[in-house]
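Student: Model the placement of chain B on the given structure of chain A, informed by the hints.
2 protein chains.
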Amino acid sequence: MRWDLPTPGFSFELLAALGHARAGILHTPRGAIETPVFMPVGTAGTVKAMTPDELRAPPLDAKIILGNTYHLYLRPGLDVIEPLGGLHEFAAWDRPILTDSGGFQVFSLAAINTVDDDGVTFRSHIDGSEHRLTPEVSMRIQSVLGSDIAMCFDECPPGDAAPEVHERALARTTAWARRCRLAPRANGQALFGIVQGGTDTARRLRHMGEITALDFDGHALGGLAVGENLADTYRILDEVTHQLPAERPRYLMGVGTPADLEHGIAAGIDMFDCVMPTRNARNGYLFTSAGRVNIPNAQYKTDAAPIDAECPCATCRTHSRAYLRHLYLSREILYSRLATLHNLTFYARHVRALRERILRDGQRA
Amino acid sequence: MRWDLPTPGFSFELLAALGHARAGILHTPRGAIETPVFMPVGTAGTVKAMTPDELRAPPLDAKIILGNTYHLYLRPGLDVIEPLGGLHEFAAWDRPILTDSGGFQVFSLAAINTVDDDGVTFRSHIDGSEHRLTPEVSMRIQSVLGSDIAMCFDECPPGDAAPEVHERALARTTAWARRCRLAPRANGQALFGIVQGGTDTARRLRHMGEITALDFDGHALGGLAVGENLADTYRILDEVTHQLPAERPRYLMGVGTPADLEHGIAAGIDMFDCVMPTRNARNGYLFTSAGRVNIPNAQYKTDAAPIDAECPCATCRTHSRAYLRHLYLSREILYSRLATLHNLTFYARHVRALRERILRDGQRA
Chain A
8 MRWDLPTPGF SFELLAALGH ARAGILHTPR GAIETPVFMP VGTAGTVKAM
58 TPDELRAPPL DAKIILGNTY HLYLRPGLDV IEPLGGLHEF AAWDRPILTD
108 SGGFQVFSLA AINTVDDDGV TFRSHIDGSE HRLTPEVSMR IQSVLGSDIA
158 MCFDECPPGD AAPEVHERAL ARTTAWARRC RLAPRANGQA LFGIVQGGTD
208 TARRLRHMGE ITALDFDGHA LGGLAVGENL ADTYRILDEV THQLPAERPR
258 YLMGVGTPAD LEHGIAAGID MFDCVMPTRN ARNGYLFTSA GRVNIPNAQY
308 KTDAAPIDAE CPCATCRTHS RAYLRHLYLS REILYSRLAT LHNLTFYARH
358 VRALRERILR DGQRA
Chain B
8 MRWDLPTPGF SFELLAALGH ARAGILHTPR GAIETPVFMP VGTAGTVKAM
58 TPDELRAPPL DAKIILGNTY HLYLRPGLDV IEPLGGLHEF AAWDRPILTD
108 SGGFQVFSLA AINTVDDDGV TFRSHIDGSE HRLTPEVSMR IQSVLGSDIA
158 MCFDECPPGD AAPEVHERAL ARTTAWARRC RLAPRANGQA LFGIVQGGTD
208 TARRLRHMGE ITALDFDGHA LGGLAVGENL ADTYRILDEV THQLPAERPR
258 YLMGVGTPAD LEHGIAAGID MFDCVMPTRN ARNGYLFTSA GRVNIPNAQY
308 KTDAAPIDAE CPCATCRTHS RAYLRHLYLS REILYSRLAT LHNLTFYARH
358 VRALRERILR DGQRA
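In the order they appear, the protein sequences are chains A and B. Using my numbering, the first residue of the first sequence is number 8, and each one after it goes up by one. Using my numbering, the first residue of the second sequence is number 8, and each one after it goes up by one.
Chain A on its own, in the form it takes in the complex (with noise of 0.2 Å):
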């Protein structure tokens, strides 16, 4: 089955289903996209370590990236990337780009200095200028970066927040979201809604109606994993995830550990995207099919084995262990390249296996 979106240019696909769980592929202008597929974090205009032709070749063979709009406006800002053609021209990648709205990042590492029904009024965490966020002004963000997925500005409460903090922000949201609906966007550029309400379901699914019947390419779910255990983030995505609607694309944003993607997926989910393969590579901590490798850990000081005897990436094909843990006690560069093209390489292979499985053993859509 296969169906248009709103957007010109794009297309769902469903191919099987096992389960809540689906594989498709979500069609774009710049290229099909098979899902589920976890998106490599390019924070600020570039995957942390990585060149766009190491995304591109198999087996880690990135076919989309995500994009921070929250970062690149504030640096390199507007009146670079514009000039320069827009961030795929700038950052050199020409396959499809999904970005936030800035919302999450706003709220998470900014000084909030006022928040109202209109925007948000915040200080940069680079520079402490003053700047003003609202849907109008994150969607023609959104427009000049030229992404292919766009995402609707959204309010993002602490996880632990009152009520009705948690009501007045999803109030917000679903305005917001009306807002971006109607704002210009590029030419070739999707927009996804994202559907929050915490850890309440009842609460998940009104917003859901509400975001739903706006008629976006995709739908995302937001404000999860930001705090809360992980069995309500986990039953929050069992409740809530298949009733999206089944013709669209279902996102996860921010979402997680491989674990995560797995029970995201049996749930329905068919996009992800996290820092974590990429952070905690950074960080020391590698992903293997026999569970995490901490690299500075003694015991492999002078073990000769690659980091996992399974991956095909380049730095298992090449490297060892004790080469590993040599480079990260040194700082080198090096290892923050070896260690993320490994750590990424184990998400798209675990995605991927995933994908394999509904496909072998789902009902044909």
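Worth flagging that the hints you see were computed from the coordinates, not collected in a lab.
Here are some of the chain A residues that sit facing chain B, going by a computed Cβ distance under 7 Å: (1) K55; (2) A56; (3) A311; (4) T325; (5) H333.
Glycine included, C-beta positions come from ideal geometry on N, C-alpha and C.
Tutor: Relative to chain A, chain B alone:
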């Protein structure tokens, strides 16, 4: 003309000469090295920010890299590198490696406790631990590292040291060279002697006589570009280099700028190493055919041009100055990678162009 060197498996082939400048090939058991050659510096078992694949790939195509005995001995240490099979295996580098003796680093980085006729006792710049290097210890370390070319352990007095300090250092360096010549080496490991003597031509030539009498596989000029006037450096190069035996490779240690390399080649030098291309890259200084680019400069803020339009490296084929400036200012790891690749490619092309000129305009040997 081709001469066998004292160590089996090594020979030096002279192809052409233009004045004192020479184009040749240093044949080693691990492959042929076209000379003049610039050797990227791989201090701690990695040319900073680069993979072996990148170093080997044209147009950079590094035929030999340098490893630092002092750094590798302190970290990861021989108790790691020896069981891993030596430096080539450890760092996954299958082409030739030249190791220095540790002398220069002991005298420039470590806290010296004592220098006597037998060797040097010093404290590690990493953890303050006490160690002792002697000619025999340096040779044993280089033997375990398994480099293709080892260097004699020498005393490196400061450039402004008093004449009697220089004389004592010279006498020790000659005595230590004799001891290095007698010390066991790895299979297929050549040994170069080092000519010291500061900026006094007569002293240099006298020491040259002492060192060249010891039948080393090649000869290095040490103790240049260590703070003296450039005019003095060039004078010594001009007056000494061509008097070194023509049938052995000549290596100018730790030098220098592109202009220094050109001057050294004109004087008859065959081999160079320097941290300048790699370190300058990380600090924002990029070499181009039209002079240096200081990438943080505001003039590059929206500059869509590559670092050097004439450069065939992947960085210049792919990325703009504006993007590199953004990565530099954002302290992104990718910046160091792209900049290092470019600067090393510039050095490699610079030296290769000079070699081509010698082959084209010089006299066939």
